[in-house]
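Enquirer: For the record, the sequence lines run as chains A and B.
Everything in the first sequence is counted per numbering that gives the first Met the number 0, starting at 0 for the first residue and increasing by one.
Everything in the second sequence is counted per numbering that gives the first Met the number 0, starting at 0 for the first residue and increasing by one.
Because the hints were derived from the structure by calculation, they are not lab data.
Errors might be hidden in some of the hints.
Ranges between beta-carbon positions, derived for each pair [unchecked claim]:
#	chain 1	residue 1	chain 2	residue 2	range
1	A	G126	B	V193	17 to 25 Å
2	B	N98	A	A80	42 to 50 Å
3	A	A80	B	R89	39 to 47 Å
4	A	K35	B	N98	27 to 35 Å
5	A	I34	B	V231	32 to 40 Å
6	A	R140	B	Q86	41 to 49 Å
Result set (BS3-like, lysine-lysine): computed pairs, CA atoms no more than 30 Å apart in a straight line [unchecked claim]:
#	chain 1	residue 1	chain 2	residue 2
7	B	K170	B	K108
8	B	K195	B	K205
9	B	K276	A	K35
10	A	K35	B	K170
11	A	K166	A	K2
12	B	K205	B	K108
13	B	K7	B	K108
14	B	K108	B	K276
15	A	K35	B	K195
From a predicted model like this one, the values you see are computed outputs, not experimental measurements.
Note that the Cβ used here is the ideal one computed from N, Cα and C, for glycine as well.
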Amino acid sequence: MTKLKLKKQTVKAVVIHAVFLIVVYILQAEVFSRIKILGIVPALLPLATIGVAMLEGNGRGSVFGLFAGILCDISFNQPAALMTITLTLVGWFAGRLAETVVRRGFLAYIVVSLGVLLLVSFVQMFGQLFFEHVPAGALIRTALGQTLITLVFTIPMYPVIKSMAKKTNAA
Amino acid sequence: MKKHFSGKSIAAICAALVIVIIALIALGTGGRAGFVTRIASGVTKPIRVAAASVASEIESLYGYMYKYDSLVAENQRLNVEIAELKQNEREYNEVLEENERFRALFDLKSRHSDYVFETASVLSWTSSNWASSFTISKGSSNSDVEVGDAVITEAGMLVGQVTEVEGTTSKCRSIIDTGFSASAFTESSSDTVVAKGNFARMRDGKLAIEYISESTHMYTGDSVMTSGKGEVFPRGLLIGYVSDMDEDISGLGMTATVEPAADIGDLMNVYVITDFKVTE
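So here's chain A without its partners, still in its complex pose:
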């Protein structure tokens, strides 16, 4: 493979991932923040990060996670740090997990997503649980609601990420 071809492929991969990231961001920040599902906004950016990491490796996963995290912090109206760090690490670990422990597939995607979404919920509720003394029951109910409703979106998300991975020659 020539250098030029490699460069073209990298540019193509970056463009495809950027478009995908923006679409997911718009869905999470603009569409579902207004049209909530049972009062919950699904956390689509973490879900997209897990998918990219599992199907395209931990390198791309962590880079995708970094940008997804920045956008996530913006959409949550919070300082760009908490989700930026969390999703970068999620991208790296989910990628490593798919390369070493679990087989790449839809079932593995759901299982890893379940674990990561619970972790993301815990990160989000941490401040309120330990510093603002908000009752744990209400926080856990919200965490479970967010996790379960977001998990439903693995069904449309997985084929999209799989096809994107094929197009960028990473699958």
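Keeping the supplied structure of chain A fixed, place chain B upon it in accordance with the hints.
Expert: Using the frame of chain A, we list chain B on its own:
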């Protein structure tokens, strides 16, 4: 005599008589069609109907062929006119709504001449399930908005507080966010209470007043307003109405659920109070 009336002449005279008689019969009908006319009409009716039908078809075909382009053009022109009218109607409705908002704001300004406002529009809402905040279109470079300023509707209902000021935008927490708290009083009591965001009630779009003592008179339906204490918010901004009262979990008093007066989820334009006269 025979010389004057030959056979041809007699035949001509007879024919003329017949025509005259027929003409007389046909004319002597007193305004109604005579039998000759009726017969002629009856005989020719099917022909006329058929001819009219054919003519009509030819005419419509002619119209279709030669007026098609003009009809298409007219249709397009009418469609454009309809679109323009719809656009005008939309603009009219928007102006009407804006007018209503300005009327309410004018009313608020006339009641509180000490308020200094900044008009802003709500740009976006947080997509977090753990907070309730929004971003407005005014920041440090295009307004005097500062952290802590009250955010209200045109009718003077408190909807939030500025928490972060950037260049051209500011972040505001809504009154149902867990980080929100304001010194308040209700119409049934002069006692000061604290209206604050409550996580369990946030998803229902409500806030709470906790630790209400037995001596405080508070009833369902009471309006809750800012007290002005602490100089954070001006006195008298309507927060909402008491919708429910329960015994506090700690057993230290009662907790009231407050339904915001403004439709928090439907905010489009807000007003930031950047300055006001302190009256406690």
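Enquirer: Please write out, lowest number first, the hints stated earlier that are contradicted by the structure.
Expert: The structure breaks hints 9, 13; every other hint is satisfied.
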